[in-house]
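Asks: Letter by letter, the chains look like this.
There are 4 protein chains.
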Amino acid sequence: MNTPRLALVHRLPASAPDDVTALVQAVDRGEIDPRAIVAVLGKTEGNGCVNDFSRGLATQALKHAIARLARRDLDEVARDVAFVMSGGTEGGLSPHWLVFEVRNAPAAPAAPAEPETGPAAEGVPTLAIGVAITPAFLPEEIGRMPQALRTADAVHAAMRAAGIADVRDVHYVQVKCPLLTRARIAQAHGRGRDVATEDTYLSMGYSRGASALGVALALGEIAADALDDARVCRDAGLYSGRASTSAGIELMENQIMVLGNSAAWRSDYIVGHGVMRDALDVDAVDTALASVGLRMGGELRGSGRERVAAVLAKAEPSQTGAIRGRRHTMLDDSDIHASRHARALVGGVLAGVFGETQLFVSGGAEHQGPDGGGPVAVIARRAP
Amino acid sequence: MNTPRLALVHRLPASAPDDVTALVQAVDRGEIDPRAIVAVLGKTEGNGCVNDFSRGLATQALKHAIARLARRDLDEVARDVAFVMSGGTEGGLSPHWLVFEVRNAPAAPAAPAEPETGPAAEGVPTLAIGVAITPAFLPEEIGRMPQALRTADAVHAAMRAAGIADVRDVHYVQVKCPLLTRARIAQAHGRGRDVATEDTYLSMGYSRGASALGVALALGEIAADALDDARVCRDAGLYSGRASTSAGIELMENQIMVLGNSAAWRSDYIVGHGVMRDALDVDAVDTALASVGLRMGGELRGSGRERVAAVLAKAEPSQTGAIRGRRHTMLDDSDIHASRHARALVGGVLAGVFGETQLFVSGGAEHQGPDGGGPVAVIARRAP
Amino acid sequence: MNTPRLALVHRLPASAPDDVTALVQAVDRGEIDPRAIVAVLGKTEGNGCVNDFSRGLATQALKHAIARLARRDLDEVARDVAFVMSGGTEGGLSPHWLVFEVRNAPAAPAAPAEPETGPAAEGVPTLAIGVAITPAFLPEEIGRMPQALRTADAVHAAMRAAGIADVRDVHYVQVKCPLLTRARIAQAHGRGRDVATEDTYLSMGYSRGASALGVALALGEIAADALDDARVCRDAGLYSGRASTSAGIELMENQIMVLGNSAAWRSDYIVGHGVMRDALDVDAVDTALASVGLRMGGELRGSGRERVAAVLAKAEPSQTGAIRGRRHTMLDDSDIHASRHARALVGGVLAGVFGETQLFVSGGAEHQGPDGGGPVAVIARRAP
Amino acid sequence: MNTPRLALVHRLPASAPDDVTALVQAVDRGEIDPRAIVAVLGKTEGNGCVNDFSRGLATQALKHAIARLARRDLDEVARDVAFVMSGGTEGGLSPHWLVFEVRNAPAAPAAPAEPETGPAAEGVPTLAIGVAITPAFLPEEIGRMPQALRTADAVHAAMRAAGIADVRDVHYVQVKCPLLTRARIAQAHGRGRDVATEDTYLSMGYSRGASALGVALALGEIAADALDDARVCRDAGLYSGRASTSAGIELMENQIMVLGNSAAWRSDYIVGHGVMRDALDVDAVDTALASVGLRMGGELRGSGRERVAAVLAKAEPSQTGAIRGRRHTMLDDSDIHASRHARALVGGVLAGVFGETQLFVSGGAEHQGPDGGGPVAVIARRAP
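Going down the list, the sequences are from chains C, P, F and A. Mapping of the first sequence onto the working numbering: position 198 corresponds to residue 207, and the numbering continues sequentially without gaps. Mapping of the second sequence onto the working numbering: position 25 corresponds to residue 34, and the numbering continues sequentially without gaps. Mapping of the third sequence onto the working numbering: position 311 corresponds to residue 320, and the numbering continues sequentially without gaps. Mapping of the fourth sequence onto the working numbering: position 276 corresponds to residue 285, and the numbering continues sequentially without gaps.
Mixed in with the good hints, there may be bad ones.
In this list, chains with the same sequence are indistinguishable; a pair is considered to hold if it fits within one copy or across any two.
To be verified - Capping the alpha-carbon separation at 20 angstroms, the derived lysine to aspartate or glutamate pairs in EDC-like fashion look like this:
1) K72 x D162
2) K72 x E315
3) K72 x D27
4) K72 x D37
5) K72 x D341
6) K72 x D175
7) K72 x D28
8) K72 x D380
9) K72 x D244
10) K72 x D89
11) K72 x D178
12) K72 x E40
13) K72 x D237
14) K72 x D42
15) K72 x D295
16) K72 x E207
17) K72 x E308
18) K72 x D84
19) K72 x E149
20) K72 x D234
21) K72 x D292
22) K72 x E230
These are computed hints drawn from the structure, not numbers from a lab. Please read all numbers here as calculations on a predicted model, not as lab measurements.
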């Protein structure tokens, strides 16, 4: 922890789920050090639901590309880099990659030739990234208290890794979590245990929900005694305003990435967040912007557009069937999945604010913000 | 024309395409005079494409309801009231009816018991509505110059009917236009004539396009000599910033409704518009708001929300495949029609601005605004 | 019951959900007596799921048409004629109406000028139709034993009305049943009762399931003591091979129509059925055909095609995720609802057998046939 | 050509687009020689339209697996093995791989321990496979006569490679062909040339169509002078009853694989075909079956099911909007692409005949069979 570090965020376009051209070019230009990449979050153009193969195709392409560029073994890359693919670019959302790097800060704080890597002055909190993983879960622990509690521990570990002491300095927690399969359920049954749900699809929601509640515990957003197994995916009043969780079949542990601000870092970026009360809550975006020194309006959409490095938000249809008293039809549409409508809506609301469609809006928001709302985080370049 | 008139706009929720409860209640409460209704614009929850049966169901239900409430014959209602149903409530858009009434202003300008019908002071321009129809077209005229030119004439006739002399006082022109069917094409062929397109689906676009160009001609937005048959649905540089056109199988003429402001009226409403350059162009919304004495921001979404009576906009995917340089995927999605994505996007952008999802956002925007953009009109209650 | 009756079936094309042209023409030609119509089953072209407005539009159009043609009051028609609309014409299925008439047989068995109405010889079992309704259910009874038991009673009543004594002579039982709404659930709660499910969409399945189990009870397909509330929608081993049930919001009772053969009738039609063990089970179709004097093969698809008056079948994806050991993808497709895939599949299988796409294939097959299979009934013109 | 060869076909299940488990196991069991694989045809579970990423994911997974299993370089595998992925498993179609091998026949015709590789007696025509490629096309040649003519030449070359002299012994010709991209069109324009279509999506159809017409020319199904540029994708009366063509972005030449029967081979399989006149034409399937010594009926669906090694068919909605005089709704459904309906329908028809859902039914049938119909080929194990 003695050498100061710096975090970089690169927002790169993708012309297809397996298009890594922009990544290769950024490496070629020396803007990205492929060995420093710690995570890639991707917005891909599948349906974001069960049969979305754009996510798998993207992960494959990115893994192979980074392995080749970094001259590392494929397995090593798979182990050391977090790949979180969110399917669904409904409305005007634009497929893109968010590539996160962690580097050691240059020893001498000389005047930077390239603003993106310019070190911050000492003592100013800047973007900090910390990662941690939980132990592997047993199938019967998924979607229940053990998953929540160990996620909370891992969030604290990731904060320590990032040099963040105060939970108020945490603005976004990405969690990748496991799901139940037929085989995993059978394994639990074989040991005489039941599972949170026998529906493998629903198990994704339970895992996301318990993980988000773990984040809420870690950040003090809910009290430990407020939580028990029966509240997971049922008590919508319990949530984290900073968690974004997604479930995948390829792991049995929770992988956590914490984004916050820390004076121990010398990044050229800062991060902030707000909690949207409903899908139209642009005031929450204003809160997020204010905390990174920006504000809504024409300037943000114009010259200020360059200062925004990444926008991350969750979207879900309100279960009440209404938004501010007006009926929505998302939950009754048997042609388009409700989560697709919700991403389109929140994507549109945010696109109007930012004048930008490269927005990481993802679905599956169990216990991630209030019903129909969700967290929104903004990573911005620091003011010059 | 001697008796001053007043126009009323009622925005009513619909819980289903055939739900006319709110209309019946408004009549029961004396807020709507069913015999004064001149038009109903409806946002219904079908897919807004070929097989959208929510529009037909809504039209049937509304016609029967108005005939019953007004104690008029069904055919009479069909003849005298314009029904324009726009399918597609993607994202968070909320199904609703916009009911337009034209009444004679009360003789004595006594203090109004009911604010909605309160007369404006003399000489102040307020919402004016005028309707007109073209002669019936021959099949070979649809999507071509005859349709455009006669639409232009009818727009002028509707302006006269509304007492609007200056084209700058026109802010929204709704056109309902015919389409080609197999039988109509055969009829033209039988007389040795060809038609604009032999594809009946495409004929809807040609009819909408030629109609919009007719509006543009009438309003001086394009020069008459700039137009010929070959430019319809091809030269995207020609458009009206105030036209909204929709094609239906049940008519062979164009039905025109002009919304503008006129000092000859005593309405409690005014109308304004802007032209969105692309789907994210909230500055155009600001222009529309400014012209009706409102402005974007927290107040509009809060207490000012009540002053907005109706928002009408067109949405289409940009044919470039990009928005402000970012790729969109609307045109490549074989699961969701591009026009559905576009409505979701523009609906989201506007919902963020207005804090409201009862927005009349419709698709099919040939020559109605620039590529990827479109007109946006706002009808507001006048400031007290 | 003394005057012999005859039943007629008319299969009529529909060019749109509200196209009643073929019905009007058949009445004009004297082929249909509009006052004798007892039921219309319609295959309409919506998605067959929640937001299918083609069903409502069709019902409206048919009701108005029959009232006009029969010079009867709209309410009377709504009361006396069963309208059962099944949405979804996936694959090649063709939208059509099945119009059922019940008439008194002509007194003198003179040589019929028109084969469709020719009376059968005395004593030969021919198509018989019987209808009955249950008392209205309380919300808490829907999807539970009371609904099943009273449906069983009503099936027996409909058999008596049809003059069918032996359950083996019943080949198809159409049931229209209620569903739960928010208001109905609240009403039950207000009386301290719980309901089968608080999910209004799921309530449709429970109501269909309990109704089908009622048919199975009535026909002796399952034993009364095999049944309890907990088995509804859970024990797939219990089913009727002759029930077809559909849920609608507009009623609180079950409406039953029994189709069978009875020597008391003088119809020119007979009905038979088979039970498809899975979606590919054409041998079950052969069984159905055999019982009406037909067999699969080139003749059926060719000259024999005219003898088939109606084909009615149920379709559902197998919950195992496989058909004859091969994986299907219906349950994992988030773009197309599983029931739509299932109708397309069964529709294709049957279309290959019959050389015909006017097939009444409907979804929602809870307890109507085994998992992944379902009943198939054939109504045929009797051999000359 | 002196050493007799034998062709093998393996039909393997896939539990996901990137599931190569069955392939790996077949290699491990010694049933497949990975170095002898010449082609893999895959039915994958995407939408089969523009944004179908299951095809790319499958190709990636198969290429990597075969390279690993055969210990060959990835580029070599890409060059030597044809990968043809057809997306879309609508209705009950089951995702699977058809792996084609070409081996030298064992020297001594000893009694085979394993029936699948048992050599046929000398002089008996058995399954023969030949491949060939055209020279690379210029963009302006795609969808036009040069593509057709050179495809015809390449079909003849592939026939020679397969030792097939008589065109009547050819039963299925798979063609992979290029498409136009923005860049390719610009390149043609740069040289002052126009292209068949400037719509990149439509260019796929033109390329498939011209390629199919090339096959028709080669097989004498149409006369050379019947063909010119203007007939491609316009004159539906011209077609091949044995072509199956698919367009891909990764090549500029046409890759041809001919399947036929030749006495120079010692395969344990034979191939036959029929031409479906419409989507319900099971008589054409009977023709195909008869030519490989099988017939429709209960035996085929039962014990005979094992004798069928592969079924390959094309499916498209009839452009007339009807099947045997009955309206279909495929072309009017804006929620489900018409080609998806068509695959579901033909898949269902064939599944009923074969009692099997591992059927290679693909869409995009320009000039591949008559309007609404298409070729169907059956590869069968020879009778013992």
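Asks: Look at each hint and say if it fits the structure.
Replies: Do the hints match the structure? See the list:
Taking CA atoms no more than 20 angstroms apart as the test, K72 paired with D162 passes in neither setting, with 28 angstroms inside one copy and 42 angstroms between copies. For the homomeric pair K72 and E315, neither the shortest alpha-carbon distance inside one copy (28 angstroms) nor that between copies (41 angstroms) is at most 20 angstroms. With identical chains, the CA atoms of K72 and D27 are at most 20 angstroms apart both within one copy (10 angstroms) and between copies (15 angstroms). When the C-alpha separation of K72 and D37 is checked against a cutoff of 20 angstroms, the pair qualifies only within one copy, where the shortest distance is 17 angstroms, while the shortest distance between copies is 27 angstroms.
In this assembly of identical chains, the alpha carbons of K72 and D341 never lie at most 20 angstroms apart, being 38 angstroms within a copy and 25 angstroms across copies at closest. Taking the shortest Cα distances, K72 and D175 never come within 20 angstroms of each other, neither inside one copy (34 angstroms) nor across copies (49 angstroms). With identical chains, the CA atoms of K72 and D28 are at most 20 angstroms apart both within one copy (12 angstroms) and between copies (18 angstroms). Taking the shortest alpha-carbon separations for K72 and D380, neither the intra-copy value of 35 angstroms nor the inter-copy value of 38 angstroms comes in at or below 20 angstroms.
Proximity of K72 to D244 under the C-alpha cut-off of 20 angstroms is found in neither arrangement, the shortest distances being 38 angstroms within a copy and 45 angstroms between copies. In this assembly of identical chains, K72 and D89 lie within 20 angstroms of each other by CA distance solely inside one copy; the values are 11 angstroms within and 25 angstroms between copies. Taking the closest pair of Cα atoms, K72 and D178 never come within 20 angstroms of each other, the shortest separation being 31 angstroms inside a single copy and 46 angstroms across copies. Taking CA atoms no more than 20 angstroms apart as the test, K72 paired with E40 passes inside one copy only; the shortest distance there is 19 angstroms, against 32 angstroms between copies.
In this assembly of identical chains, K72 and D237 lie within 20 angstroms of each other by CA distance neither inside one copy nor across copies; the values are 38 angstroms within and 48 angstroms between. Proximity of K72 to D42 under the C-alpha cut-off of 20 angstroms is restricted to the intra-copy arrangement: shortest distance 15 angstroms within a copy versus 29 angstroms between copies. Taking the closest pair of Cα atoms, K72 and D295 never come within 20 angstroms of each other, the shortest separation being 36 angstroms inside a single copy and 45 angstroms across copies. Taking the shortest alpha-carbon separations for K72 and E207, neither the intra-copy value of 32 angstroms nor the inter-copy value of 35 angstroms comes in at or below 20 angstroms.
Taking the closest pair of Cα atoms, K72 and E308 never come within 20 angstroms of each other, the shortest separation being 38 angstroms inside a single copy and 48 angstroms across copies. Taking CA atoms no more than 20 angstroms apart as the test, K72 paired with D84 passes in both settings, with 9 angstroms inside one copy and 19 angstroms between copies. Taking the shortest alpha-carbon separations for K72 and E149, neither the intra-copy value of 31 angstroms nor the inter-copy value of 37 angstroms comes in at or below 20 angstroms. For a Cα distance limit of 20 angstroms, the shortest separation of K72 from D234 qualifies neither inside one copy, at 41 angstroms, nor across copies, at 53 angstroms.
Proximity of K72 to D292 under the C-alpha cut-off of 20 angstroms is found in neither arrangement, the shortest distances being 38 angstroms within a copy and 41 angstroms between copies. Neither within a single protomer nor between protomers do K72 and E230 lie at most 20 angstroms apart by alpha-carbon distance, with minima of 35 angstroms and 48 angstroms respectively.
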